[in-house]
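Engineer: Protein sequences appear in the order of chains A, B and C. First residue of the first sequence? That's 1 in our numbering, and the numbers climb one at a time after it. First residue of the second sequence? That's 1001 in our numbering, and the numbers climb one at a time after it. First residue of the third sequence? That's 2001 in our numbering, and the numbers climb one at a time after it.
Source of the hints: derived by calculation from the structure; they are not laboratory data. Certain hints may be false.
[Said to hold, decoys possible] Cut-off 25 angstroms, straight-line C-alpha distance, at most; resulting in silico cross-link-like pairs (BS3-like, lysine-lysine):
id: 1; chain 1: B; residue 1: Lys1009; chain 2: C; residue 2: Lys2130
id: 2; chain 1: A; residue 1: Lys127; chain 2: A; residue 2: Lys110
id: 3; chain 1: C; residue 1: Lys2227; chain 2: C; residue 2: Lys2130
id: 4; chain 1: A; residue 1: Lys110; chain 2: A; residue 2: Lys93
id: 5; chain 1: B; residue 1: Lys1367; chain 2: B; residue 2: Lys1293
id: 6; chain 1: B; residue 1: Lys1293; chain 2: B; residue 2: Lys1303
id: 7; chain 1: A; residue 1: Lys93; chain 2: A; residue 2: Lys127
id: 8; chain 1: B; residue 1: Lys1009; chain 2: A; residue 2: Lys110
id: 9; chain 1: C; residue 1: Lys2227; chain 2: B; residue 2: Lys1406
Quick caveat, the model's predicted, so the values are computed rather than measured.
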Amino acid sequence: MTAAPLLDVRNLKKSYSIGRSGLFSKRSLKVLHDVSFSVAPGEVLGLVGESGSGKSTIGRAILRLIDSQSDVMRFDGQDLNSISPVRMRSLRKQMQIIFQDPYASLDPRKTIRAVLSEALDAHGLHKGAARVPRLIELVTLVGLDPSFLDRRPHEFSGGQRQRIGIARALAVEPSFIVCDEAVSALDVSIQAQVLNLLADLRAKTGVSLLFISHDLSVVRYISDRVMVLYLGRVMEVGPADQVHFSPKHPYTAALVSAEPSLHRENRRIRLTGEIPSPLALPSGCIFRSRCPYAQPACAETVPPLQTVGDQHQSACLRTDIL
Amino acid sequence: MMSVRNFHKRMILPSLFLAALIIIPFAAPLITADDPVKIAVRYRLAAPDLEHWLGRDEFGRDRLARVLYGGQVSLTVAFVATTIACIIGTFFGLVGAYFRGPSEFVTSRLSDIVLCFPPILLALLVVTLFGPGSVTLVAVLSVLYFPTFARITFSEALRVTSLDFVEASRALGTPSYRIVLGTVLPNIAGPLSVQYSLTAAAAITIESGLSFLGLGVVPPAPSWGQMIRGARQFMNQDPLGIMIPCAALVLTIFAINFFCDRLRDTLDPKGASGSSMDEVSKPKAQADAPTIKDPDVVAVINKLRLETAHFGTPAVIEDVSLILRANQCTALVGESGSGKSLSSLALMGLLPGAIRQVGGTLQLRRKSDEVVDLGFLDARTLEDIRGNDIAMIFQEPMTSLNPIHKISDQMIEAITAHRPMSRSDARAHAIALLKRVGMNDAERRIDSYPDQMSGGMRQRVMIGMALSCEPRLLIADEPTTALDVTIQAEIIELLQTLRQDQGNGLSLLFISHNLGVVADIADRVAVMYSGLIVEEGPAAQILRDPHHPYTRALIESMPSSHEELNSARGDRLPAISGTPPLPSARPSGCTFRDRCPIALPACADIRPALYPSADGERAVRCLRAPEAPAGVMNHQTEAA
Amino acid sequence: MLAFISRRMAAAVAMLLVIGTIIFSLLIIVPGDPAELLLSTGGGSASAEAIANLRVNMGLDKPVLTQYVTFLYNTARLDFGTSIVDNGSISSVIALRLPRTLEIIIAGTIFALLLAIPAGTAAGLRAGGKFDITASAINALLTSIPGFVLGTLFIFFFAQVLGWLPAGGYVAFATNPMQHLQMLVLPALTVGLHLATIVFRMTRASVLEMRGHDWVRTAVAKGLRRKRVVRRHILYNALGPIITVVGLQLGILLGSTVLVEFIYNWPGLSGLLVSAVEQRDYPTVRAVILTVAAIFIGINLVIDILSSLLDPRIRLQ
Ligand SMILES: Nc1ncnc2c1ncn2[C@@H]1O[C@H](COP(=O)(O)OP(=O)(O)OP(=O)(O)O)[C@@H](O)[C@H]1O
Ligand code: SF4
Ligand code: SF4
Ligand SMILES: [Mg+2]
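The following block holds chain A by itself, in its conformation from the complex (with noise of 0.2 angstroms):
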């Protein structure tokens, strides 16, 4: 991208310490290994990879939810590697999230009225005469009923809760969402309901998102730009289309080509052997373990991103082979 990005971020590692190995020294669990990624206004960036590969840890750090270590950390020009904590309170008027599972996500105590308050009071907006229409407002645009207000999360179905969790993060407008894994958890014609919701939210307020999903072809559908995540390393990333439809990564190749599909042919990359745990990565390249195509050279060297394409880079020693 050329434009200024919204979100900017460099080399962003995450470990978390684990029970211990001897009396004293404590292990630690590195989930993240230097990730860097942008994300321009009103873009859409999918992250895809398996369980355990970091797409849910990236989501919080940039939310400040969680602590982490990168070298920059740009949100809309401000460096949130520095921020105060009173300038990060407001600035999360700015960016939000919505979670996977609907049933956790809303306080099963709180009527909907009482969640969507609470964002707008959390940064003071629309105050006194202002409250309804803008609480009505927030319900019709995702679709619901304003009658559903005083109601509360357990008397709503799946694709209802995954709505109102949407209308939490848009009450109070803002540039940059985090959708983490948020149809995941609905069946396939609610999940294209929300897929749609999420579609006209982006023509309609040029919101950016950072939509984190296992599932490619969602991904491919709602992104512009998607990247790949494998242990907590990008793999690879480019435009949606490309990335899914001529894959320049082995890993990528293998998970597209395992997706399940009712209209492509059979042709499956088979991959060996399991996910190595995060205690005990592979040197060099941290597909090697079970890439079709590995060499010795890749137990060497940590492949580093390289352009394969316009916007397109891949992480793999091999570039003869895709």
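For this one, chain A is given, so just place chains B and C with the ligands on it according to the hints.
Structural biologist: Leaving out everything else, chains B and C with the ligands in the frame of chain A:
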């Protein structure tokens, strides 16, 4: 979810009971004019009379007055101490949980330490130093109990703060104090109030115990413990003297416990209504002798109907019929709650306690070629069939294996349950099975515990175990839904090869909500919607050319069916509106009608049957399908 | 496994140390002179000479740090000093009485486990059934009766009204085994019933929970006999939580033994404790409480190790 009205109704009795027992002692001056400490030795141990309803004690004091005023002391000490403990403990717990760090350490360690002292001993220790008395008691009891409150608050608050909705509040920028007070505290109020009642009961017990030892409330002030102590020497002459304070004490504690139990049940509806594990009600008489003519057919489900055990509730499964053939994979697809799992559990005789089979037959051809109806078998025969003739694998590989037994033990028991075999032979067989399902190093890994394996590996173990007795029918209920795509592809492939290798012609019933997976594996597909099969036939035909609008909608709403669409290009997915109805809210006529894009007025009147096609290969439950008989909605057809 | 055990042992020792420190510092943080405080009775204070004697006796005249180190050192050697009242060795009194208390507790625990685990299992397997409702109701009532009330009522019925068993007292087993056992019945029953209510509740809840787990469904789907499913896949899994709770409840149990022994005139630790409290014999009280805490920690250590044997997840972390 428990409704508010229901909540109140269940709490009325215990609340009244408890309130009465608390109020009565404090209403003492209204009940008796006697002084609880006035001694009248002349009347010692006098029997009850009109003025002194409960008689007099060993010093001639009025017993009614003593019980009532004694109650005041006991209750005050207990509730004041509990309240102090609760407030301090909750504060520490919340601070510890929300801000973590050193306060977390203090909270959890402190309660570990206090828990090491039997409460009454700690109380005695303090009494030794400070001498007995109510104030000492209150102080000791509060110190004793606040760590428990801190601990409970801490762990509950930790659970709540990790929930998405608290994270959402943080993401919104709501200030910490508002999150703690407005979101976390209300969500832990339940367990806290239960702990409050428990503690109050324990405090009363300790107070009266100490007073009983003569180390609690200082005489002559009355207290129940003291009254028991005093009456003990005279219990031969005067049994009433000991019964009255005992009864008062027990009743009060009982009232608190009762209240607390109810509260716990109401707050956590899970524990309250359990259904028995094994009482499966069955239709009484067997209708017809089961027959399956076609030797290729392994099982036949015919017009299966399941209802919940509550009287007058609608059927959760209305009409499911399926023929399962050897060497064939039948897929059952549909959205959540459509009844896929229940249909398959019925085949295993594994229906949950709350669900009854009220109609239809479930016939199975056993390996011995004997045909049985699964709905009419005794428990023993069912046990012989499960795992042997029919086997099942489940969705959640993480929880489907017992975490505390080794893989080897769990596989061996599955084998020896049906085959007379020595343990070592069974073990060798189990290792062979694990190799067959693609586990490297099976000899070593068979001795690991489930937690040492990844989800994909556990699912392989489950598959190996299911195949251990070479069943004719294998039911797989969403076996890959919990797995990553690459692992899912491996498991599907494994199931395919196993099916082809199995000598006796395995029939596979594959349950899934993912049509892509179904396309990979199934020979035939049955689509379920709201307790009914709405379309059934050869997989390739149905997925290429669905005749039911619901099947079509399922296929169309998958983004993978539209590789040309992209939201960035302003495209929308073809989606149907609405959600599947609950069994209790199914519309009249066609159950799909309020979501159906091509519904006609007639669809509201006629509940379509499963209309077979001319060649008998497929069937559709839709009035507008090509298979529907011409006359079925003759008068309305023009309306289209 | 060895690492696990040694870690737990280290934690237990650390805990003992902390508890010793707390008990020690109670004397320091008491406002005023502890010796004076201990000898004061109601309003009147004791003679200066008596106070000075006590100070020397308890070592209160030395610097705090010296006192602390001496206290820890002596305690580690199981030397609890001498009683303020009769100057006898506290350690030997405890050695004499501790086994008697343990006898009641062990007898009571065995009774409780034998009664409550089968009953709780049956109730949990058929939650909502007749047996469950009856047993849970009885349990709720029993839970509401404090140990000393139960003991008093037992004496009233079994000793006074029915005359079946002695009302209390103690005869050494060596002197008269039959009579010893007769006298043991009521105290053990009292302590045991109390524990049984807790074990019943826990067993029922735990069985109810385990029953709903997916692996039970897997076990049934394998075609295992019902008995085996209950034993291997429900009860065996429930055992861990049950013994953990029993371990924690033993603290309360040890406490209620104090009252039970007092009621039945059973000369265990409690008689010693109660009279020591009455006479404000702080060193003795302190020694008894340390002993009880040590027993409690010891039992929980054993239980930790037991449950790690039952559940590989604890071992593997
Ligand atoms: N134990 C039960 N008691 C009462 N109703 C039940 C019970 N189990 C399931 N049901 C109801 O029966 C219907 C079918 O449930 P079933 O579990 O078979 O659906 P499913 O198609 O397997 O869904 P999923 O895709 O979510 O697994 C649902 O309406 C559900 O609410
Ligand atoms: S660098 Fe080597 S191992 Fe890694 S993806 Fe490329 S070919 Fe495979
Ligand atoms: S019967 Fe009518 S409502 Fe039902 S699926 Fe067919 S057209 Fe739609
Ligand atoms: Mg299901």
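Engineer: Does each hint hold? Answer for all of them.
Structural biologist: How the hints compare with the structure:
1. Restraint check for B/Lys1009 and C/Lys2130: the C-alpha separation of about 23 angstroms stays at or below 25 angstroms, so the hint holds.
2. Of the supplied pair hints, the one linking A/Lys127 and A/Lys110 holds, its CA atoms being roughly 19 angstroms apart against a limit of 25 angstroms.
3. Taken as a hint, the C/Lys2227 and C/Lys2130 pair is honoured in the structure, with Cα atoms around 21 angstroms apart against an allowance of 25 angstroms.
4. At roughly 21 angstroms between alpha-carbon atoms, A/Lys110 and A/Lys93 fall within 25 angstroms of each other, so this suggested pair holds.
5. Note on B/Lys1367 and B/Lys1293: the hinted pairing holds, with a Cα-Cα distance of about 15 angstroms set against a maximum of 25 angstroms.
6. Between B/Lys1293 and B/Lys1303 the CA atoms are separated by roughly 18 angstroms; this keeps the pair inside 25 angstroms, and the hint holds.
7. Straight-line distance between C-alpha atoms of A/Lys93 and A/Lys127 comes to about 16 angstroms, which keeps the hinted pair within the 25 angstroms bound.
8. For the suggested pair B/Lys1009 and A/Lys110, the alpha carbons sit about 22 angstroms apart, so the restraint of at most 25 angstroms is met.
9. With a CA separation close to 20 angstroms, the supplied pair C/Lys2227 and B/Lys1406 stays within the 25 angstroms bound.
Consistency with the previously given hints is maintained throughout, with no hint failing.
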